[in-house]
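Visitor: Listed here are the chains, written in short residue letters.
Protein chains: 4
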Amino acid sequence: MLEELKQIVYEANMDLPKYGLVTFTWGNVSAIDREKGYFVIKPSGVDYDKLKPEDMVVMDLEGNKVEGKYNPSSDTATHLELYKAFPNIGGVVHTHSPWATSWAQAGRGIPCYGTTHADYMYGEIPCARCLEGKEFDEYEKNTGLLIVETFKEKDYEAVPAVLCKNHGPFTWGKNAHEAVHNAVVLEEVAKMAARCEMINPEVKPAPQDLQDKHYYRKHGANAYYGQN
Amino acid sequence: MLEELKQIVYEANMDLPKYGLVTFTWGNVSAIDREKGYFVIKPSGVDYDKLKPEDMVVMDLEGNKVEGKYNPSSDTATHLELYKAFPNIGGVVHTHSPWATSWAQAGRGIPCYGTTHADYMYGEIPCARCLEGKEFDEYEKNTGLLIVETFKEKDYEAVPAVLCKNHGPFTWGKNAHEAVHNAVVLEEVAKMAARCEMINPEVKPAPQDLQDKHYYRKHGANAYYGQN
Amino acid sequence: MLEELKQIVYEANMDLPKYGLVTFTWGNVSAIDREKGYFVIKPSGVDYDKLKPEDMVVMDLEGNKVEGKYNPSSDTATHLELYKAFPNIGGVVHTHSPWATSWAQAGRGIPCYGTTHADYMYGEIPCARCLEGKEFDEYEKNTGLLIVETFKEKDYEAVPAVLCKNHGPFTWGKNAHEAVHNAVVLEEVAKMAARCEMINPEVKPAPQDLQDKHYYRKHGANAYYGQN
Amino acid sequence: MLEELKQIVYEANMDLPKYGLVTFTWGNVSAIDREKGYFVIKPSGVDYDKLKPEDMVVMDLEGNKVEGKYNPSSDTATHLELYKAFPNIGGVVHTHSPWATSWAQAGRGIPCYGTTHADYMYGEIPCARCLEGKEFDEYEKNTGLLIVETFKEKDYEAVPAVLCKNHGPFTWGKNAHEAVHNAVVLEEVAKMAARCEMINPEVKPAPQDLQDKHYYRKHGANAYYGQN
Chain A
1 MLEELKQIVY
11 EANMDLPKYG
21 LVTFTWGNVS
31 AIDREKGYFV
41 IKPSGVDYDK
51 LKPEDMVVMD
61 LEGNKVEGKY
71 NPSSDTATHL
81 ELYKAFPNIG
91 GVVHTHSPWA
101 TSWAQAGRGI
111 PCYGTTHADY
121 MYGEIPCARC
131 LEGKEFDEYE
141 KNTGLLIVET
151 FKEKDYEAVP
161 AVLCKNHGPF
171 TWGKNAHEAV
181 HNAVVLEEVA
191 KMAARCEMIN
201 PEVKPAPQDL
211 QDKHYYRKHG
221 ANAYYGQN
Chain B
1 MLEELKQIVY
11 EANMDLPKYG
21 LVTFTWGNVS
31 AIDREKGYFV
41 IKPSGVDYDK
51 LKPEDMVVMD
61 LEGNKVEGKY
71 NPSSDTATHL
81 ELYKAFPNIG
91 GVVHTHSPWA
101 TSWAQAGRGI
111 PCYGTTHADY
121 MYGEIPCARC
131 LEGKEFDEYE
141 KNTGLLIVET
151 FKEKDYEAVP
161 AVLCKNHGPF
171 TWGKNAHEAV
181 HNAVVLEEVA
191 KMAARCEMIN
201 PEVKPAPQDL
211 QDKHYYRKHG
221 ANAYYGQN
Chain C
1 MLEELKQIVY
11 EANMDLPKYG
21 LVTFTWGNVS
31 AIDREKGYFV
41 IKPSGVDYDK
51 LKPEDMVVMD
61 LEGNKVEGKY
71 NPSSDTATHL
81 ELYKAFPNIG
91 GVVHTHSPWA
101 TSWAQAGRGI
111 PCYGTTHADY
121 MYGEIPCARC
131 LEGKEFDEYE
141 KNTGLLIVET
151 FKEKDYEAVP
161 AVLCKNHGPF
171 TWGKNAHEAV
181 HNAVVLEEVA
191 KMAARCEMIN
201 PEVKPAPQDL
211 QDKHYYRKHG
221 ANAYYGQN
Chain D
1 MLEELKQIVY
11 EANMDLPKYG
21 LVTFTWGNVS
31 AIDREKGYFV
41 IKPSGVDYDK
51 LKPEDMVVMD
61 LEGNKVEGKY
71 NPSSDTATHL
81 ELYKAFPNIG
91 GVVHTHSPWA
101 TSWAQAGRGI
111 PCYGTTHADY
121 MYGEIPCARC
131 LEGKEFDEYE
141 KNTGLLIVET
151 FKEKDYEAVP
161 AVLCKNHGPF
171 TWGKNAHEAV
181 HNAVVLEEVA
191 KMAARCEMIN
201 PEVKPAPQDL
211 QDKHYYRKHG
221 ANAYYGQN
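Residue numbers (UniProt numbering), protein chains in the order written: chain A, 1 to 228; chain B, 1 to 228; chain C, 1 to 228; chain D, 1 to 228.
Read the hints as simulated data drawn from the structure, not as lab findings.
Glycine included, C-beta positions come from ideal geometry on N, C-alpha and C.
Check the hints yourself; a few may be wrong.
Partial list, derived from the structure: chain C residues whose beta carbon lies under 8 Å from chain D [stated by the list, open to error]: (1) Gly37; (2) Glu188; (3) Lys191; (4) Arg195; (5) Met198.
Straight-line Cα separation of at most 25 Å, BS3-like style, residue types lysine-lysine; simulated pairs [unchecked claim]: (6) A:Lys218 with C:Lys218; (7) D:Lys50 with D:Lys36; (8) C:Lys213 with D:Lys65; (9) D:Lys52 with D:Lys65; (10) A:Lys65 with A:Lys152; (11) A:Lys65 with A:Lys52; (12) C:Lys218 with D:Lys65; (13) C:Lys134 with A:Lys204; (14) A:Lys218 with C:Lys141; (15) D:Lys50 with C:Lys174; (16) A:Lys50 with B:Lys174; (17) A:Lys213 with C:Lys65.
Which chain C residues face chain D? A few, computed with CB under 8 Å, are given here [as the list claims (entries may be wrong)]: (18) Gly114; (19) Thr116; (20) Cys196; (21) Ile199; (22) Asp209.
Model the full structure from these sequences, guided by the hints.
Guide: Next comes the structure, spelled out in C-alpha cells:
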C-alpha cells in the first residue's frame, strides 16, 4: 500500500542526517497522497540507521493508523493539521536543527537579511508563541493549529517554514523532497542571520525591493532561475 | 572476567570520538555490574584508535583494581562515588566536549530553553562549584562527592548530567549506552543554549508546563514517545 | 569547442562543494579565453552531483550563448561585466559561503586583522552597497557594474574579492583555480575576523607595515614565499 | 641523510590537515637532531596532498640549507631562533588554525579557564606584541627573537605555545609529534575560551590551585595520568 510514497518518505527521512539536521531520532518527514487522503510518516523513535522503507506508517486524515507495525511519529498530529489547513503542500518536516532551534528557543522570528533567505522565503520566518495551559492536553494537535493560526494573514507557500517557540522548526513544500530542501535552507539562513547580527548588531532587514527581486527570480510567472 | 561488560564499555568509549565528544584521550566511560559489585572502565591515557575490549580495567567499589594490565582512568574515583551514591545508574561518562566544557568554564548551569533539553533533562543542568584547598588532596574522589552533594535536593535520574566548574561535564544513565547518549544530548543542548542567548540576550527559560509536557512525553507511566 | 576550458571550469565548480563553500546550487565559477573572447560558465540550477564537463555553457562578451544545452548561471551578466572591466582576470567565482555572506548581510567590509588576510588581499575587503530602484531592472548586470564602480579607486588585482550587501561574495583571479582559491581564503578570513571581534570588540586593523610585509612576501618582484 | 627524521617531520606535517589545523599550505612543522645540529622542515608552499618525505629540507643552525631540492618554509628563521633559545625542544609547529589565530588577531593572550588548558599549559598562553619598523627587515628571524623575549620570565616547557599578534600561533614540544599535539590542544583551548567568555563575559581564570593540580597530575615527579 502506497509503496512508492513510502520509499519517497523513507529517502526524505534519510536526508535529514545526511544534511546534518538531526541528532539521534530528533526529526521526521511525512508526505501525503491527496487523492487517497492518506499520508505516510516516519515511525516514532526508530534509529535512522535501522530505518527501512516498509517501516513507514500510513495514516488517514482523521489521525487513524491505516497500516504499519510501528507507532507513528509523536508529532503526527501536527503534520495532520498542516495537511488539512494548507491544501497545496505535499510534504512536512520537523527537526531540531541547531541554528533554527536556537532562534526558536530565543523566541524570535528570523528577519530577511539577504538573498539566500529571499530566494526561498518571502519576508520574516515567523516564530509562533509557546502553547499554554489547557493547550498542552492535545499538545501536538494544538501545535499544528497554532502554526495555522500564525499563517492566518501570511502566505504559507511564500514562507514554507515556521519556528515554534521553545521547541524547533517545521517546514513544508509541494512534496517531501522540497520540504527537506526548505529545512536545509532554513538552517543555513538561521546560521547566517545569527552571525550577521553578531557582526553588526545594528543590522536592518534587506530592502524590500531586493527581497522582491530575488523571490520572484525563482518564483511565479517571471521566474528565470534554473532550466525552466 | 566480565567479558560482555568489557565489550559494552569498549564500544561505549569508542562512541565518544564517533560523536565528536573527545579530542585525543579526553574522555572515559564506565559501566557497573551491580550484582558482582564491580565496574569496568577505560584505561588511562590510551589512544582511542589503539583501544581494545580486553584493555578495559575491572575495579571493585573500594577502588581496588580487580583485573587489567593498565592503570584505570585517572577519573576512576569520581565514577566510583557516583556508583555508590546513585543506586539506579549503570554507566558514567566524562568528557571535555567543547560546548559543555565552555559552560563549565563559564561557571554557569544550563537553563532549559526548549524541548530538546526538556525531552531528556528536567530543569537546569547544574554547575557544581570548583573544589578548593584540601579538597585537592583527593581530587577525583572529592569531585565525585561534590557532584553527589550538588544532587542532594535534585533527582539524579531526572537530570542525568552535571557540569564541574572550570573542568567539564559528567553524565550518567541506566547503562553505558544511555550515559553516552546523555553526553551527546548535553553537548547539543549546551550548544543551542549558548547560541540562543547570543540571539536573544534577554531570553528566559521555557515555561514550566512545556518542560513538564516534554519530559513526561518520554518518561514515566504516561510516556508515549517511541514504540513502548 | 573550448573542451579544455570546460573541463577546467567543471573542476573549479566541483571544488566549491569540496571546500564547503556551497549548499545545493548556491555558487558558480566561470573562466575566460581572452583570445577567443568567450567565457565558460556553470549552467543555472543544476545539482553539483549531476554536473558534467559538457554541461558547461559557452558565452560571448555580448552576453549571447554560443554553445550549451542549458541556460547559463543566472549570475552570468555579473561575471561578464567583471571580465570586461578587469582585463587581467581569467576566472570569477560567486558563492553564498556562510561567513562571507554573513558579513555581506551585515553590510560591512572585512578589515585586515592579520597576516592570513594580508597574505592574499591588500587592505579591507570592500562591501558594495545594495542596488536600488531601477537598478533592479537589469539586476545581475548592474551588480557587476556596481562592483566595478566599487573598485574605481582600488586595485582589483591586490584585492581579488568583494562583498555585495545583502547578497554575498564574488572573488576572481588570473584563472578559475585561483578565483576558487581566493573564495576559500575569503571564507577563512571572514570567519576569523568575526571571531576576532567577538574576542576583542575594541580590536584595530593590523599595522600597515605588517600588511605591507606579508602582502609583498607573496606578491611582486621581491616575493620570496613558495618555490619561485 | 636524516631519512628517519624526514619521515617523522613528513608525518607530523601531514597531521596538520588531518586535525583541521591548516587550509592550503598555511602551516609547517620542523624537528631537530640536536647531536648533528641540523633540523628538518617542510618546503615552502608545497601542497599537502603532493608532499613526500623526501621533499623535506635539511637546515643547519646558521640557517643554511644542507640538503633538499626545495626552498624551506618561509618561516624557517623563526623555527631556528626557537631551537637556539629553547634547548629542550625537539619540534616546532606554526599554523593559522582559526581559533588560535582569532585570539592572535585580537591581540589577547588566552587565560586559563579550565582543566583542558591546565592539563597541558601552565597559566595564560601569552600573545607577543606585533613587530614594528626596522624589525620587518628580518621579519621571520625577529619573530623568533620576539617569542624568545616573550618567554624571558616564563617557562617555555610549561607553556609550549605562543600567539604572535596579528599573525598566528607557534607551538613546540620535545619532538615533532608533541609539538603537533600541543597545536591541537591550543586550538581546542582557544575555541573553548572564546565561547566561555561569550557565555559569561564576567568569567575569571580558574583558581590557581586547580591549575596546579591538573598541571602536576600530568607533569613532573608526582604525575599519575596515563600508564607511566
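Visitor: With reference to the structure, classify each hint as holding or not holding.
Guide: Each hint, compared with the structure:
{"no.": "1", "hint": "Gly37", "result": "32 Å, violated"}
{"no.": "2", "hint": "Glu188", "result": "5 Å, holds"}
{"no.": "3", "hint": "Lys191", "result": "6 Å, holds"}
{"no.": "4", "hint": "Arg195", "result": "4 Å, holds"}
{"no.": "5", "hint": "Met198", "result": "6 Å, holds"}
{"no.": "6", "hint": "A:Lys218 with C:Lys218", "result": "42 Å, violated"}
{"no.": "7", "hint": "D:Lys50 with D:Lys36", "result": "28 Å, violated"}
{"no.": "8", "hint": "C:Lys213 with D:Lys65", "result": "24 Å, holds"}
{"no.": "9", "hint": "D:Lys52 with D:Lys65", "result": "18 Å, holds"}
{"no.": "10", "hint": "A:Lys65 with A:Lys152", "result": "29 Å, violated"}
{"no.": "11", "hint": "A:Lys65 with A:Lys52", "result": "18 Å, holds"}
{"no.": "12", "hint": "C:Lys218 with D:Lys65", "result": "21 Å, holds"}
{"no.": "13", "hint": "C:Lys134 with A:Lys204", "result": "21 Å, holds"}
{"no.": "14", "hint": "A:Lys218 with C:Lys141", "result": "17 Å, holds"}
{"no.": "15", "hint": "D:Lys50 with C:Lys174", "result": "22 Å, holds"}
{"no.": "16", "hint": "A:Lys50 with B:Lys174", "result": "22 Å, holds"}
{"no.": "17", "hint": "A:Lys213 with C:Lys65", "result": "24 Å, holds"}
{"no.": "18", "hint": "Gly114", "result": "4 Å, holds"}
{"no.": "19", "hint": "Thr116", "result": "5 Å, holds"}
{"no.": "20", "hint": "Cys196", "result": "4 Å, holds"}
{"no.": "21", "hint": "Ile199", "result": "4 Å, holds"}
{"no.": "22", "hint": "Asp209", "result": "6 Å, holds"}
Comparing the model with each earlier hint shows violations of hints 1, 6, 7 and 10; every other hint is respected.
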